[in-house]
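Enquirer: Each chain, letter by letter, is given below.
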Amino acid sequence: MKIDPRFEFAVDKARNRITVEREFAANQQLVWDCHTRREYLDQWFAPKPLTTRTKHMDFRAGGYWHYAMVMPDGQSFWSRLDYQSIAPINGYVALDGFSDETGAVNPELPRARWDVAFSGAQDRTTVTTVIQYDSAQDVQKVIDMGLQAGLTSTLERLDELLLTLQG
Amino acid sequence: MDNYCASLDSIFHALADPTRRGIVQRLGRGPATVTELAQPFAMALPSLMKHVGVLEETGLIRSTKTGRVRTCVLERKQLAAVELWLGEQRAVWQARYGNLDALLEKLNGEDDEN
Chain A
1 MKIDPRFEFA VDKARNRITV EREFAANQQL VWDCHTRREY LDQWFAPKPL TTRTKHMDFR
61 AGGYWHYAMV MPDGQSFWSR LDYQSIAPIN GYVALDGFSD ETGAVNPELP RARWDVAFSG
121 AQDRTTVTTV IQYDSAQDVQ KVIDMGLQAG LTSTLERLDE LLLTLQG
Chain B
1001 MDNYCASLDS IFHALADPTR RGIVQRLGRG PATVTELAQP FAMALPSLMK HVGVLEETGL
1061 IRSTKTGRVR TCVLERKQLA AVELWLGEQR AVWQARYGNL DALLEKLNGE DDEN
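First to last, the sequence lines map onto chains A and B. Going by this note's numbering, the first sequence opens with residue 1, and the numbers climb by one from there. Going by this note's numbering, the second sequence opens with residue 1001, and the numbers climb by one from there.
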């Protein structure tokens, strides 16, 4: 696995929490803009070879981002991120969830709370994202859903996954 | 948390080898003897046993010996699914942040030109 000293991915299983931390070579305003403006989000949010397509973006408390990650064959995975509170340019809190093309959130599936914090000094910015699930059952539901939808690697798709990890 | 990440790394190390992936995939369909596992790989039993040993250390598989026959089973399939999901989440964030590096570089470049 490629080691990137600027990237940290920590799992706290007991608390059903994932913390992702990453440093970027840009000032805080620019990194903030990339996280909060649709024209920028569409250029980076989906991992290749998927692309991002924003259908709706209203970046304010109570607003939401409705977007799809699109596979090369056209298959789309829709999500919706509901913004709960925003403190420009230091952070925001949002609820992540699976949705359909109309933007309706799937009520059967749990939502994770994203607490995203930005801290910068001159031309360096660190982004810390805490992804919080309510329970281990919720995490399990998300995994099961992914397996069913073909979103998550099954054992049969290990090869692709490992290529990604080594990339 | 550190221990947990270490276990995630050891599982991904174990699965970085194509023979071991083949073994895990085969066991996903049900238990198999070591001889059965060796067949598709045209591999001598001692070499195969080394791979089985690496997988056993991660806790992904378990083997039992009855007489002269050693049978392997995929253990904790659900745990394997959790580990894979976490590994995939990690890969997704790593990949999207790689994209963001490129975008920031582009935007910084545009800024310098202005």
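Keep in mind that the hints were calculated from the coordinates and are not lab data. Where hints are given, some of them may not hold.
Stated by the list, open to error - Keeping only pairs whose Cα atoms sit at most 27 angstroms apart, straight-line, the calculated DSS-like set for lysine-lysine is:
1) B:K1065 / B:K1050
2) A:K13 / A:K141
3) A:K55 / B:K1065
4) A:K48 / A:K141
5) B:K1065 / A:K48
Enquirer: Now, for every hint given, state plainly whether the structure supports it.
Expert: Status of each hint after checking the structure:
1. B:K1065 / B:K1050: 16 angstroms, holds
2. A:K13 / A:K141: This hinted pair holds, its Cα atoms lying about 15 angstroms apart.
3. A:K55 / B:K1065: 58 angstroms, violated
4. A:K48 / A:K141: 25 angstroms, holds
5. B:K1065 / A:K48: 45 angstroms, violated
Violated hints, listed in ascending order, are 3, 5; each of the other numbered hints is respected by the structure.
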